[in-house]
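Colleague: Here's the letter readout for the chains.
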Amino acid sequence: MKQQIYLLLLTGVLLNACSLDEKPYGFYSGDNFYQSDEDAESGLMYAYNALNYLEYLRGIWYVGDIPTDNMYPKSDEPGDIHMLENWTVTSNTELTHYYYKYCYIGINRANAVIKKISGGNFTPAVRNRVVGEAHFLRAWNYFNLVRTFGICPITTEPISSLEQTTAPLAGSILQIYELIINDCLKAEELLQVKRDFGRTDKVAAEALLAKVYLHLASSKHYQAPGYKNLPIDAEEYYAKAALYARKVVNDYPDVYGFDNNLRHIYDVYAPDGPEHIFIMATDRSGTHEGMYTKIPLQFLPNNSSVPIFIKYPDGSLQQGNGNGWGVFLINDDFVEGAYLATDKRRTELLHRSIFDQNGNEILPSPVRGYFTSKYVDPDFIGERTSARPYLIRWSDIALVLAEAAGPTEGYPLVNRIRGRAGIGDLTPGMDLETFRTAVINERKLELAFEGNRLFDLRRTAKVTSTVQEASRLSEEDAAFYPIPQREVDLNPNVPNSQNNF
Amino acid sequence: MNRIILRALLPLILMANAQLSLQGQTHLAKGTVLDTDGSPMIGVAVSVVGTGVGDVTDIDGHFSVKAAPGATIRFEFLGYENSEVKYNGADTDLTIQMNPSFETLADVVVVGYGAVKKSDLTGSVASVKMDALADITAPSVDGLLQGRAAGLQVINSSQDPGAGSTIRIRGNSSINGSNSPLVVVNGFPLGDAGALTQINTADIASIEVLKDASASAIYGSRGANGVILVTTKQADEGRTNVIVKHQTIISQLSDPIDIWYDPMLMAQVTNEEMVNAGLNPLYIGQSIGGIYYPSLQEIQSGAWSNTDWAKLCLRTPITNSTTVSLNSATSRSSLNANLNYYNDQGIYKKDEYGRFNANIGYSYKILKNLTLSTYNVFSISDRNVMNGLEYGRNPLWPVYNEDGSYYLAGPTDFGHPLVRLRDFKDHIKVREILASASLDWEIIKGLKLHTQFDYRYKTSVEDLYEARTISQDAHDNNGIAKINNSEYNELLSETYLTWNQTFAKIHNISLMAGHSYTWNLSRGLYTTARGFVNDILGNENMNASDPALRQIYNDGYAESKLLSFYGRANYSLMDRYLLTFTMRADGSTKFGKNNKWGYFPSGAISWKMHKEDWMRAAPWISEWKWRVSYGISGNQGINPYQTLDRYGMEKFWYNNNWTTVIGPGFEEGRTGANDRYFVWGGIMNPDLKWETTAQTDAGLDLAFLDSRLRLTADFYYKETYNLLREKYLPLSSSYDKIWVNDGRVLNTGFELTLGGDIISTRDWHFSAELIWSMNRNKVMNLGDAISSGLSQDELNGFYYEVTGPAIAMFNQNASILAEGKPMNIFYGYQVNGIIQEDENPGFIDPAGLLDRPGELKYVDQDGDYAITSRDRVIIGDPNPDFTASLNLRVSWKQLSLSVFLFGVYGNDVLYNGYTYSPRVKAKRWTPDTPSNLFPSLNSIRQDHLSDYFIQDGSFLRIQNVNLAYDWQIGKKWLKSIRFFAAIDNLYTFTRFDGYDPEVGLDGIYWGGYPKFRKYSFGIDIQF
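Quick mapping for you: the protein sequence lines, in order, are chains H and B.
Be aware that the first sequence starts at 1, since it is given in my numbering, and climbs by one per residue.
Be aware that the second sequence starts at 1, since it is given in my numbering, and climbs by one per residue.
Excised from the complex, chain B in its bound form (with noise of 0.2 Å):
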């Protein structure tokens, strides 16, 4: 362990452990803190047992706390093991060797409605060392745990300001539900992860990561797509510290921006595109719809500017964010408070985020044996959006008219950036308040109760206004206007019993029985305006609009609610055989009226082999402990009120007026073309349940040479069945579709962590932790074929669905679910290079158009000469085969280096819009310059998706390099100072062609902006 690092964090880890009693007369006890190796020790913990008063060793290892003869005094220190003295009255100067402890066998890990010894699990839980990630700013946290834990698999495709994360846990397993990981913060359930950012990165203790069944089955109808437990700092006893921590990001373009650079090109390009598809070229000095193309003459003259869209419209983004923290206990009551400021620049100008955040923890010890104990934070947000701003636009076009007015290319030109900077507005606020108390009795020794009450309130408006220089629709119209409003109310109530006892010494038995009754109600109010006289206010006041071009939406009112009971029971025979069972039965007002209640139980046993007698002859191994788990875990997936019939609503005309007419049948979407024909829906299943998975887990966790290497591997069957889907009706029925439970998905997988202390010596330290995962999605059944409306591959007969969002380009969309597949899987056509001059394509299209030379030689799979859609293959898998991270940490004395390594392999990528990037088109076949890479350049050619549009998305990533230097100051006013500075993104390994490779979790690229590489610096004074 980096003992340096470890320093800094010191006083946020340590446990508080004090018992009340009485003091007598009290004498000063001095002494030094020695390391093994004789150094004195800074910042070791020093308490007397039981009485909260405490000193922390100076620079020098010194320490003096007011203690009773015969009173215990107590030295903490992280990564050394505690140590205890009597303290017998004398003036002597104590002195005191700490022993350092490899691996905290002994931590203890917060599990669901617990905590457990870190030895004792029985499942699989991956803790995540907070150290690594303290000086990495990310709007939420969930971002930081990329790589960080085995099976845990995060996605920070956006860079949008305070764009949140794609987060799964041993991949996916839904299709209509969420496949989110649920976040509890304090055992208060936050719903899904990826946008947690309401809690302060820098306030939180530890994150653990519940993944198998065992461990996350004790949340029921929630924990199918695992849990991830985040725990906020608490103050140590008898100490006071004021911490301001203040970090600054410079973020920089890892990649050039894919546009045209030199205008010259683009016309040559243009031109050729449209004479290829048989239409006049556009660069001849004509006017075309008000606009004027200048001839390649002109453009050779110079006359014609080349504007630097690029500059105009990006930024050097940078992102700050401060935090002043105060945490301070005694022997009854410890507070804990955080202020942060967090701001984040988009690379657009304008685009911003900016948050700040409050929270304060506070307990008290009313009772010996009664603590009340609140956590508040406050959360207020703003986003200012002003994405899209259109860096790519035409380099001839010049940025002003002579007069000195915005020159735009013609009457339908919304393009222009700096129009758009002034005239547009799109601003978001959020408020959120999260409150809860608890009570925590111990009513006999070994018997513990705790209550919890948690409140949640989140509101947000959205204010947007489109002036009518921004669009089609605002100019027809005369400007529009919306104010969007939501909120979300949510709470929670929390009881449950703990109880612990050992019997003859080996059997011991812990049980815990609770029980819980989550409220939520969410609502929206969506009003839209059009037709203002002017654009001066905006949408100030709505009022000064058109009355009848106004809209009002208040759909979005769900109400659910969920009853619950759960129990663990843990059993261990001498230490070795450990046993841990737990249930929960989830009653749910999304249920149907039928299905009400859902049980959840799983098992698991383990040993500790290392334990054994016979072991004892190989005492170099630390640990050799083997786990399997089963169990059964939920998905709620349902929006509520879809067991209800839902009626439907229109307008009819009687007696000369609209009626509010209501019946049976209500309009779930639009089908067909130009969404002219209603899909019926509104028919309730009383039958409906919630998505059910069982979990297999065989794990083995090994540790050798005093800890200094670990090795944890996981094996995982991980099915999921029940799945929520949509199945057709007869016609008769008036209905098109009902929801069911049909299907099933699985994933098997294969993680591992491999960590090590590789040096350890009094001024060097090197350790290093490698993390192994590999996931295997395989869509087992989506349901009875026609009843779904499942369509078949007419070559290899396998039944499939269309999946994810359409691609413009390709007028379809590309991704499917196929029976016996991965999920997501890219389907479309295989394409082998060009079709080169004289060659023959090895088909014929009736049009006369794709079989040309310089267009894509498509294959035809069916050997019929044509290229029809019986052609169609699977061309990709957007699934990993494995990803991995390595994270290297190097210290001497006070400084330390870390570098951490991240990387996807055996992924396919759809890049959307290959073809249409100038990178590309520069490089066209033409019958001078062939090539078998490239196609020829077509304006109007319809692009089928083939895997000409797949590419490899391996990637190895250097993300992170820290380099820290850590001041231990040791006064009283000043304990440390620590400074930092990081690298994020420094380089990426890629065969990929576009910005970056990390995509969200479909493989569809969609271009966006180059990835960027943030330079960060930070400061860290404790006072």
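Isolated chain H, as found in the complex (with noise of 0.2 Å):
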């Protein structure tokens, strides 16, 4: 009789022998992505992608520009904006929380494409262009994190587990560095001359490796905080930053260059301009913000809806949405101090009244303070526009050259930029360092308002000197900003004491 029972029980227990691996469906994983070609692209452009969330989008202007001299808040915005104008980002500020997680966004996403890419079974011309942008994006969002936040978590792989989640602090501010120059000398390696609305190519990586080195050059020059003991040779990262930003400058004129039309640059209908070798893609035919963008909203003056004409010198009328929050306010002084009366930058870009359909300013006017046109879509479908931040251009890069070879090299290049403004060339003659000021000078007049300033006044050790609300800071204080607390505290490897305001 045992024989019979176990006899049945090996019976039962043979029934149904079946599989406990849990398959996905109706959704893509690790398991059943990076397959293709396609895939391969696709899983790039969601890297890309990481930059339109709206808030890593707006922080281009919440830490680049609010926090320096060139622009200020509304008084009744709420949230923590004032924190980022008035110095008193802590880390719990919200803003500079979101702006740093989806730098880290950007990252693993640009990870996993590396990762999933470099090692597939894809057609070599793919793969090379695919990790090649990857690696660009990768030294993208990192080089935004170290001069924001400078020494910061490193995290080189994609991370699929709950061990990889505290990732290592960087041992110094080179390491980061040197991360984002070998991902940009990687994306040169592997990537074409290609202009491609919306993504980047070789030009974009050595643009944006003289940006860097230019940084570290200067930041090293000027003895700023968190660089002055770096162990490294600012005459020596000034040549390199001078050497990638002349291939950019000089070497592909059928592709990029400098566009001699100063309004053709912020043409909504013109991504495609001479000047921009990396700009946001955004269209106002999505259905969520990320897919379009509301940047207009940030600087028009409210008309209660009723869509605005802003008026040029030239008489011509542009439309604009009517619906515009007024966050992003321009600091009179600067506009009036710092830009010549004559300079387009300032009569073509900025302005202070609207106007109706006819060409009649509205009165009385809803306009709380100057604002920019660098940001317009006459088209706008609502609260949707195609309007894009402008991430990497061809003058900011000749400015780079300029500021890192001197006078001898950069003189034409400045005084061009100059030409277009409709204002004189700089006075001749200056020496390395006045002329390195000047130039310095006119990337506040050129760049205003792309999400450069912040950054040339950290590199320059100039941040408490220039702005206001920073006055009673060190630049030592100043020269970044505390790493999230959410960061400090769950990730083991952050220490508690990062510089706190």
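Since the hints were made in silico from the structure, they are not lab data.
Just so you know, these numbers come straight off a predicted model, no measurement behind them.
Just to be clear, a hint being listed does not mean it is correct.
[To be verified] Covered stretches of chain B, as calculated for chain H (at least 3 residues, CB under 8 Å): (1) 221–235; (2) 307–321; (3) 557–569; (4) 650–657.
All C-beta atoms, glycine included, are put in the ideal place defined by N, C-alpha and C.
Fit the two chains together into the complex; they arrive one by one in their own frames, and the hints show the way.
Modeller: So, in structure tokens, the structure goes:
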């Protein structure tokens, strides 16, 4: 009888042996994605897409311009934006928290592409391009991180387990720069010269490399906190910055170059203009923010939802959203003090009044301060616009070259940009130091409200002497924002003694 | 026991117990069955053992069956000991006397994968007597169980037609997982209790509630919340019965509706609350937003109507339930078929639920040791949703314009109930099939094999159309149409062996070992269209919509598998010392790949002390049994795919087209103002596993005086750990949260059931049963404070997180989970009356609003003379101190009366919207009529959650009173007729100010409409 029992038990056990592995259904996962060339492209563009999230996108101005001498938020804007304006950012500031978070979201997406596509079975040309752009994007995000927060955690692998979620802190700021530089070099090696709206190529990698080298060189040169003790030679890095900037400025005249028409640079219908080495891909036909942007609403004044018109010196009118929020207001001092009265960058791009469709000024004016027309989409749909952040411009790199290489090579470049703005040449005969200061001043005027100013101030150690709200701080305090509290609390590798105000 | 009621149920309860044997020549055996007092017994089942031949005694106790000489004739009647006589073949009338058995200790109780004699139970199992529930009609079986078993908490907080119940066994133990017990019908686990609508309540033979780990751990990773086993009826050998049962219920509101009955008072109060807010009064004869508000004089003049909106919106709901059943059995086969039609009207006009259930059970003895059985259910339900009609609409507004069209107060008035009744459509149809086939094979004596295959298919279609008159969205987008489909599939294969043997007369061993495999798949397709030319077709043709405004979602696909092995060993020594061990191993696809298998052991010992020789000195003790058990069970709690990495999808503008882009990071939710920020999930945790519950139970079963007095007491200590929770991650991980196992919840409790047959004479019977349960619930640990994102109470330092729904009135969540405190406690400010004129409120409000006379006097806990978030304290606990029920039954001859009382004590209820209630507004504080109970009116006041809104939710309800008459006819073609009338919710004793304090487990009262008082009438005919 016992035998029978065993036999029956065994039968029962053998019945229905089944696999307990879970197979994904209806969603993509590491198991079923990154199989084809199309997957590779799609995965790469997912990494680009990280830049589009509003937390990161608006960070361009929250971090790059609001804390500086050129812009301030409207007084009744809710939230933490005033902490940036007033230089009271803490580890709990929401906007820097999200900016930090999205840098890493972009990094993780790029890491996933680098890891999965480098090793897989893809067409070599596709692989090189996709992996090259992913390296570029990783460098781009780390460059934003290191300039904003200083030493921060480093991850170079896609994170897919709990153990990986507490990344080690970089040993030094230079370790992060080495990662960025290596990524840019890798991108330059893998990529071709190919203009492709919304994406990047070899030239973008060289342009970023030039910016990175310049940031290191000038930070060392101006003894910026966090950089002054680095074991690097500023001149050597100026030379490297010049080397790559020169390639960008000179080597690809058929693809990228100087745009003679100032307003054409900011034409929402000309994202393929010669200046645009890297510009964000958005379109007003999207269904949610990120696909389209609301950048114009941040700048334009509110006209009770009646579309406004901007009047240019030539009398032409351009339509803009009438439902703007007017959050980003441009300092009167900056407009009236920094620009010459005839500077087209003032007369054509900065405004204080709005008009109706017949060109009559709307009165009483709802305008609360100067606003810029760098971001206007005349064919907006409600709040949806195609306005795009200008991520890397040819003129930016031309000014990098001028600053890095000095007067001989620099004068013609700066003067060309000034000429486009309708103002005269720089005083000739400046020595290197004076010339560099003049170039940085030109950057302030040319690249205003494009997310550059804070970094130019930090790398020249001039935050506290330039920005009135930061004048009570030391340059050390102003050099980096504190790492967000969530990271400090949850990542044991990040010490709690981050620089606080 | 109440013999009269039992007689009606007799054929349903008897056990078929025949064995096949060859019969010789037969004679007609005749006789009379008598009770102990010599009176004839009607309805006694008479069967000739082993033949399938049988009869039922008539009104004079007579019977006659064909039987061979030497055959054994058996007599069975519930509540009586079985009796058997050997038929000698003589023609003389037999006289059989039957002896009552007060408590049927020999009753068999169904447990997981088997059945045991009730006296041999080692675990804590409550059997619910279905006879007490026979006359109650409820949309689902679970709702009937309120107060019927100790430790079982049933909350019927919704009165919508067809609504289910909330069911808990021994408290809440999970935060993110399910807390509902597992329901198993005829061995088929159907999932969470609370909506068991597909089983006809009239078809249920017994319900067992498995409470402790020894009983429920055999269900392994699904057993942590306890198990409810439902067994349906089987036909009795040798008889054919046709039963027709009908019941009609008429429901009435037990409390007047809290609306404005006097428009003048409403207008005055409204003006006052606006003036107090510093605004212009409303009712001064002005138009705002296209709506005209007459002045008080105009209202006084009677020129404005006083519309009774409630009358236009509501009705007297009627519920009907009709069942026809047929059961018939021979020695080889048995059939049990039921048809039930159930129609439940809601209080709102057109709000309705209808259901048709058919079930067929059939079993056939293929060989003398091999039986094939099948059980099938087909259920169709149809729900027409028409709730939320505005019965509290402004009574000044007329129903019609002068031209006969509906009067709308303005262009954005979408609240006219008659317009909604006409133009709104929401219809849900559910079809469900349960099919089950099983084989029982007695391989050799004592060794049995059971194999079962079950299939369940459920599909639901919802049709919805909002015409442009129904909402702003529908108006702006020219109609909203939806068709939502979902389906659910489940397949179960189960095989187990049982073996039973007695050695040396004192050792009894029974072993069970088995294996099961379950496969689940659910999916859905949801479509929405907008932009219709007109409202004529509604959602009938979605293609008539604007192509740009169509949306399709097909999420909700979930597949899971569960592979299990289980076993149980019972050992009893001299029928005094009982041991039980159970073990289950569950392998689930839902668990992480490092934890695919979970093991759930349990053990119990029991001592029948009354069987000891030294207890013979106390013959009045019929039972004295100790039980102790310990075991581990689990809660799967996880949704499928939580242990996989999950990629996100976005659209990226490339090459002048939107390209779908894919990669790591999945949008799990939104956060922040206007939900603008994404919450990123999708990171896998391969270590994820089930929540584990370890439970210790100590129990005592006592019975005295031939079991006329019975007591069962249980104490339990139930700790759930490895709670499934979301943990925050460092930002540099690029993810916000990950699911982990972290945290602990403790439930301890005491349960008591005391029952007695107090009077038992020939004509009179009186029995009573008291059930008393208390549970203490405590959140022990919520995981690491920082990574779990916990907040800290600034006064007392405890860590907590908010839970439950946000309450719009307070613009915040009311409930928290706090370490060291019961679950779902209320957290807010303390109020000490109302600030009176010239009184120092004890704090200063910088805005100068909250510290004025007539406002609530908040308590400044930290003494900084300001009311800040630091002044919040725990202000209430929705968990009751205890619940109790008392069931009284008295019968005289064939007339019986039962009264059922149910009470809950010591729980707090949050009265959401208290100060908006017209009843409360009318009693407001004013300088002339100061009050310390009701604040002044202020239309723009921001309310803060305080104990002012917390009320005592204790109540005692006369839940059910039932009067029944059993008319025993005893004719061949008409056996009996039973008439009954009952009142549900006859009266509720409570201090609660709202309609009814029976609210959900979170203790939040949402208003709604008053509780029904239900009058029901029924008839039950047996042919």
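Colleague: Out of the numbered hints, which ones does the structure contradict?
Modeller: 1 and 2
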